[in-house]
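Participant: So the chains spell out like this:
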Amino acid sequence: MSLTTAHSVVAPSSNAKLIAGTIIIAYALISIVPLLWIFATSFKTPPDSIAYPPKIVFQPSIEGYCNLFTTRTRQTPEYINALGPATGFCDETVRKRNMVIAGPSNFLPRFVNSLIIAFGSTFCAVFLGTLSAYGFSRFKVPLADDLLFFILSTRFMPPIAVAIPIYLMYRELGLSDTALGMILLYTAVNVSLAVWLLKGFIDEIPREYEEAAMIDGYTRLQAFWRTVLPQATTGIAATAIFCLIFAWNEYAFAALLTSGTAQTAPPFIPTIIGEGGQDWPAVAAGTTIFLVPILVFTILLRKQLLRGITFGAVRK
Amino acid sequence: MAEIRVQNLRKAFGAFVAVQDSNFVVEDGEFFVMLGPSGCGKTTTLRMIAGLELPTGGKILLGGEDVTMRRARERDIAFVFQLFALYPHMNVRKNIGFPLLAQGMPAAEIRQRVEETAKLLRIDHLLDKSVSGLAGGDRQRVALGRAIVRRPKCFLMDEPLGTLDTEFRDLMVHELRELHNRIHATTVYVTHDQMEAMSMADKIAVMNHGVIEQFGTPREIYDRPATMFVADFIGSPPMNFLKFGGGLAKGAKEIVVQGAKVAVPEVREDIAPADMALGIRPEHIRFDDGSKLRGAIYGTEYLGTTQIVAVETADGIIKARVPAGIHLSPGEQVGLALSSARLSLFDKGSGRAVRTAMHDQAAEARHG
Numbered sequence: 001m002s003l004t005t006a007h008s009v010v011a012p013s014s015n016a017k018l019i020a021g022t023i024i025i026a027y028a029l030i031s032i033v034p035l036l037w038i039f040a041t042s043f044k045t046p047p048d049s050i051a052y053p054p055k056i057v058f059q060p061s062i063e064g065y066c067n068l069f070t071t072r073t074r075q076t077p078e079y080i081n082a083l084g085p086a087t088g089f090c091d092e093t094v095r096k097r098n099m100v101i102a103g104p105s106n107f108l109p110r111f112v113n114s115l116i117i118a119f120g121s122t123f124c125a126v127f128l129g130t131l132s133a134y135g136f137s138r139f140k141v142p143l144a145d146d147l148l149f150f151i152l153s154t155r156f157m158p159p160i161a162v163a164i165p166i167y168l169m170y171r172e173l174g175l176s177d178t179a180l181g182m183i184l185l186y187t188a189v190n191v192s193l194a195v196w197l198l199k200g201f202i203d204e205i206p207r208e209y210e211e212a213a214m215i216d217g218y219t220r221l222q223a224f225w226r227t228v229l230p231q232a233t234t235g236i237a238a239t240a241i242f243c244l245i246f247a248w249n250e251y252a253f254a255a256l257l258t259s260g261t262a263q264t265a266p267p268f269i270p271t272i273i274g275e276g277g278q279d280w281p282a283v284a285a286g287t288t289i290f291l292v293p294i295l296v297f298t299i300l301l302r303k304q305l306l307r308g309i310t311f312g313a314v315r316k
Numbered sequence: 001m002a003e004i005r006v007q008n009l010r011k012a013f014g015a016f017v018a019v020q021d022s023n024f025v026v027e028d029g030e031f032f033v034m035l036g037p038s039g040c041g042k043t044t045t046l047r048m049i050a051g052l053e054l055p056t057g058g059k060i061l062l063g064g065e066d067v068t069m070r071r072a073r074e075r076d077i078a079f080v081f082q083l084f085a086l087y088p089h090m091n092v093r094k095n096i097g098f099p100l101l102a103q104g105m106p107a108a109e110i111r112q113r114v115e116e117t118a119k120l121l122r123i124d125h126l127l128d129k130s131v132s133g134l135a136g137g138d139r140q141r142v143a144l145g146r147a148i149v150r151r152p153k154c155f156l157m158d159e160p161l162g163t164l165d166t167e168f169r170d171l172m173v174h175e176l177r178e179l180h181n182r183i184h185a186t187t188v189y190v191t192h193d194q195m196e197a198m199s200m201a202d203k204i205a206v207m208n209h210g211v212i213e214q215f216g217t218p219r220e221i222y223d224r225p226a227t228m229f230v231a232d233f234i235g236s237p238p239m240n241f242l243k244f245g246g247g248l249a250k251g252a253k254e255i256v257v258q259g260a261k262v263a264v265p266e267v268r269e270d271i272a273p274a275d276m277a278l279g280i281r282p283e284h285i286r287f288d289d290g291s292k293l294r295g296a297i298y299g300t301e302y303l304g305t306t307q308i309v310a311v312e313t314a315d316g317i318i319k320a321r322v323p324a325g326i327h328l329s330p331g332e333q334v335g336l337a338l339s340s341a342r343l344s345l346f347d348k349g350s351g352r353a354v355r356t357a358m359h360d361q362a363a364e365a366r367h368g
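Chains as they are written, first to last, in full-length UniProt numbering: chain A, 1 to 316; chain B, 1 to 368.
It is possible that part of the hints are untrue.
Using 27 Å as the maximum straight-line C-alpha spacing, the simulated DSS-like pairs for lysine-lysine come out as follows [stated by the list, open to error]: (1) 94(B) to 303(A); (2) 140(A) to 59(B); (3) 119(B) to 94(B); (4) 303(A) to 129(B); (5) 261(B) to 250(B).
For the record, the hints were derived by calculation from the structure and aren't laboratory data.
A quick note: this is a predicted structure, and the numbers were derived from the prediction, not measured.
Looking at chain A on its own, in the form it has when it is part of the complex (with noise of 0.2 Å):
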């Protein structure tokens, strides 16, 4: 008898297992340990987050988020104690630091701009991708191939390239500052990545779908609405979150373009150090909200973008 034991192809043996399982577990930790450190700090007091050595455990305080949504003035010991009871805990909290709010800060306006346009720029990327992904795998596009890479050529570049240019245009016609035309911006950006990854997975779908439907009496448009739409989510899905991820992180644009009424979060974020020394809490926890709503969007659609890494691997 021979002394080599089977050998499976498709089960792994433990040692394998082991070996795979340390190597995503370290990673994972490495990848996520930033992350963890700035949602730490958005809850240490100031003196606390630039403590040396660092500290890792310490009183939690929310002191941070009280900064990063209001404005402060620093007032004398006196001004203060004229003033009436602390309204609520913010309140208490930045009185000891012999400061006043003043008003709500800018982030809450700046964050509902980065949700307005990473949003919308998302949708319509994804619209406009879906449409033309349909059509070209299914209608014969004259010089098809080179508008496909034509559009992709739109990607060669990174978008900062022409970065002159657009503030100039945008200056012209008066989109500089405006939600709309941070929309229209990353939708151009986003819209390639769409066409490309929406067509893959339309060309998956096979079109006796759409065929049948005709056949029994429903328009092109209805068709691929009731038909090809439904069994192309997966695939929207993934564009979706793409396109998204890339929209709500833009900083580049955003810092250029935008200044007052249309600036998105990124650009602001940054900003809050200048105000008043350096308020590392009060960055964690504009950081940490930041995070939020991409991570509830793709908990949210993360099976369809599970299957959709895959490429349209997987239809059914």
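Starting from the structure of chain A, add chain B where the hints point.
Facilitator: Same frame as chain A, now just chain B:
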């Protein structure tokens, strides 16, 4: 229901001609099968009748109405796809009711029609199941249900049994034909499987390279193939060919093959000297030591009641279907006797069958 008339139908994809000047009529209530190897243009023809492809030339009439350039949804036809195209995000009930929804039919009526249809196909117990969990045969029935629920002018089916297991296939062939006998729907059925075609069709069109080689009943196509392609494509094993030379004169009743005189049906046309072929179905060969046409046994395939015997002759191997009881050993010399009345003659150059007395009977049968 309606008749389908196809006139000079032609389809070219660039320089490639997929369908060449097809002409045929499917009569009201007929089960018509387009049969041919893959790439012969049968599916393209079907898709043109459906309106999924527009023809390059010619006309399509449904029930006397010219629909050549109409959209698929304006033709009132139903199509069963090879992969069924059942919508995976809908259950069986919704799949079957989908065409009715397009017509804006009230929900209660849709429900009733869907249930009637499901009963007809014996799938009423599956109505609320998801289509993705269904077995092949049931998927096929749902696809049929979606086709018949609307009561269209005609049914078009593109190799609907192509993906089924052999076991299901035989069952569905039977079921399809039975369904046709009950509802008498004009049906155009595309397949490359001669067994399906022969067992279901009222009429068959055999296609090759975009050309209809022969149009006729299964019996006509089997007994009197119009071309060597048809003779070779239909029948298992296919027709045997033995070459012979020289011309044929009207009234000739005998030809010479490999030095042996063979009686054939009386020739009805004059043929200039050319390479010719004698076509013999395997079942029309008997072993007869008196025959001058000789060969050596090459091998046998035992099939139960019959056996297929390969015989090596001076002109290659020919196959005979003989009773299983005959014992033969390889290398044994045998004489071959042919059933004269059932032989076909072909012009090898064009592949066309020579008109003989066998075709008179056909003409009589058609007129009588």
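Participant: Decide, hint by hint, whether the structure agrees.
Facilitator: Comparing the hints with the structure gives:
no. : hint             : in the structure
1   : 94(B) to 303(A)  : 25 Å, holds
2   : 140(A) to 59(B)  : 24 Å, holds
3   : 119(B) to 94(B)  : 15 Å, holds
4   : 303(A) to 129(B) : 23 Å, holds
5   : 261(B) to 250(B) : 17 Å, holds
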